[in-house]
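*Asks:* Here the sequence shown stands for residues -11 to 233, numbered as in my numbering.
These are calculated hints, taken from the structure and not from any lab test.
Careful, some of the hints might be misleading.
[What the hints assert, rightly or not] Computed cross-link-like contacts, EDC-like style, restricted to lysine to aspartate or glutamate with a CA-CA straight-line distance of at most 20 Å:
{"no.": "1", "residue 1": "LYS19", "residue 2": "ASP138"}
{"no.": "2", "residue 1": "LYS170", "residue 2": "ASP158"}
{"no.": "3", "residue 1": "LYS148", "residue 2": "GLU208"}
[Stated by the list, open to error] What follows is a set of in silico ranges between Cβ atoms, one per label pair, in the way DEER data are often shown:
{"no.": "4", "residue 1": "HIS207", "residue 2": "ARG156", "range": "19 to 25 Å"}
{"no.": "5", "residue 1": "MET130", "residue 2": "SER198", "range": "30 to 36 Å"}
{"no.": "6", "residue 1": "GLU50", "residue 2": "ASP121", "range": "16 to 22 Å"}
{"no.": "7", "residue 1": "PRO34", "residue 2": "SER182", "range": "30 to 36 Å"}
{"no.": "8", "residue 1": "THR14", "residue 2": "SER125", "range": "41 to 47 Å"}
{"no.": "9", "residue 1": "MET64", "residue 2": "GLY142", "range": "34 to 40 Å"}
{"no.": "10", "residue 1": "SER103", "residue 2": "ILE215", "range": "33 to 39 Å"}
{"no.": "11", "residue 1": "GLU208", "residue 2": "ALA135", "range": "56 to 62 Å"}
{"no.": "12", "residue 1": "GLN188", "residue 2": "MET64", "range": "18 to 24 Å"}
{"no.": "13", "residue 1": "GLU2", "residue 2": "LEU159", "range": "45 to 51 Å"}
{"no.": "14", "residue 1": "VAL(-6)", "residue 2": "ALA210", "range": "55 to 61 Å"}
{"no.": "15", "residue 1": "ASN41", "residue 2": "ARG156", "range": "36 to 42 Å"}
Remember, predicted model here, so these are calculated numbers, not experimental data.
Every residue gets a Cβ at the ideal spot worked out from N, C-alpha and C, and that includes glycine.
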Amino acid sequence: MTIEIVGFDDDRLEAAASLVAARYGTELVQKPLLSRRYQHAAETIPFLHDLRNEGPGVAALEDGRLIGFILGMVSMFKGVYTAYVPDFGHGTDTLNSRNVYRDMYAQLAARWVGSGCFTHNISIMAHHRQAIDAFHSMGFGMINIDALRDFSPGPDLPPKIEVRRAGRRDLEVLMSLETKLKRHLAWSPIFIPSLPNPVQRSVEEQLLDSDQPIWIASHEGAPVGFIATEYTGRGPVLARSDGGV
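Sequences are here, hints too, so could you generate the full structure?
*Replies:* This is the structure:
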């Protein structure tokens, strides 16, 4: 049977939502901490509807039936136009997912590049092996991993490490750590430079937000790291828990 790659249109939103929900349900078996909401297509359609308005997409058809799709958004990231496909922005329903992903990306990437967008990112659920293999085969690497765990206590802290909640007096310390992190990411072997970004105001605002704390780790009194938290649901990721941070 012949597989045809065409532009994505709104008539395929419901079928695409079913593909996303099915993939999410498979992931839920592996990671039961995930929210159970998104194994239902009705819960994923709003995400796809919003994403549909953010940029072009493609669909893979077999005898007129949707067997795959990719939708992405284009925005500025690290100072360059970047296409991003979230974990709910793609899916397949075929044993030949690897090749279908390759064919879909080839067409969509040509459109992105044609509009001056040369940096492409995609989020893939951890156990979607054919999708991971497909994009690795086209030269994609790994920029980050999102992990999920419960709120049970972790291992004991190493000796002389103290963790405390940051306050307004820690703004200068946090900005220093943020600068060091950006310098590290810009250097070998990562090479992700950042343009100057006025993040100080957002850090100040979060320090005043009692529901989204920032934590600082110190070694023998000297700050060595920090982590900022936010409620689940604020980022463009479907694989999330209910009531998490």
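*Asks:* Determine for every hint whether it applies to the structure shown.
*Replies:* Hint check:
1. LYS19 <-> ASP138: Given that 20 Å is the threshold and the Cα spacing comes to 11 Å, the pair holds.
2. LYS170 <-> ASP158: holds (18 Å)
3. LYS148 <-> GLU208: Satisfied, since the Cα-Cα distance of roughly 6 Å is no more than 20 Å.
4. HIS207 <-> ARG156: 19 to 25 Å: holds (23 Å)
5. MET130 <-> SER198: 30 to 36 Å: holds (35 Å)
6. GLU50 <-> ASP121: 16 to 22 Å: holds (20 Å)
7. PRO34 <-> SER182: 30 to 36 Å: Since PRO34 and SER182 have Cβ atoms about 32 Å apart, the given range 30 to 36 Å holds.
8. THR14 <-> SER125: 41 to 47 Å: violated (21 Å)
9. MET64 <-> GLY142: 34 to 40 Å: This hint holds: roughly 36 Å between Cβ atoms.
10. SER103 <-> ILE215: 33 to 39 Å: holds (36 Å)
11. GLU208 <-> ALA135: 56 to 62 Å: Since GLU208 and ALA135 have Cβ atoms about 29 Å apart, the given range 56 to 62 Å is violated.
12. GLN188 <-> MET64: 18 to 24 Å: holds (19 Å)
13. GLU2 <-> LEU159: 45 to 51 Å: holds (48 Å)
14. VAL(-6) <-> ALA210: 55 to 61 Å: Holds: the Cβ-Cβ distance is about 58 Å, inside 55 to 61 Å.
15. ASN41 <-> ARG156: 36 to 42 Å: holds (39 Å)
Violation of the numbered hints given earlier is confined to hints 8 and 11; the remaining hints are satisfied by the structure.
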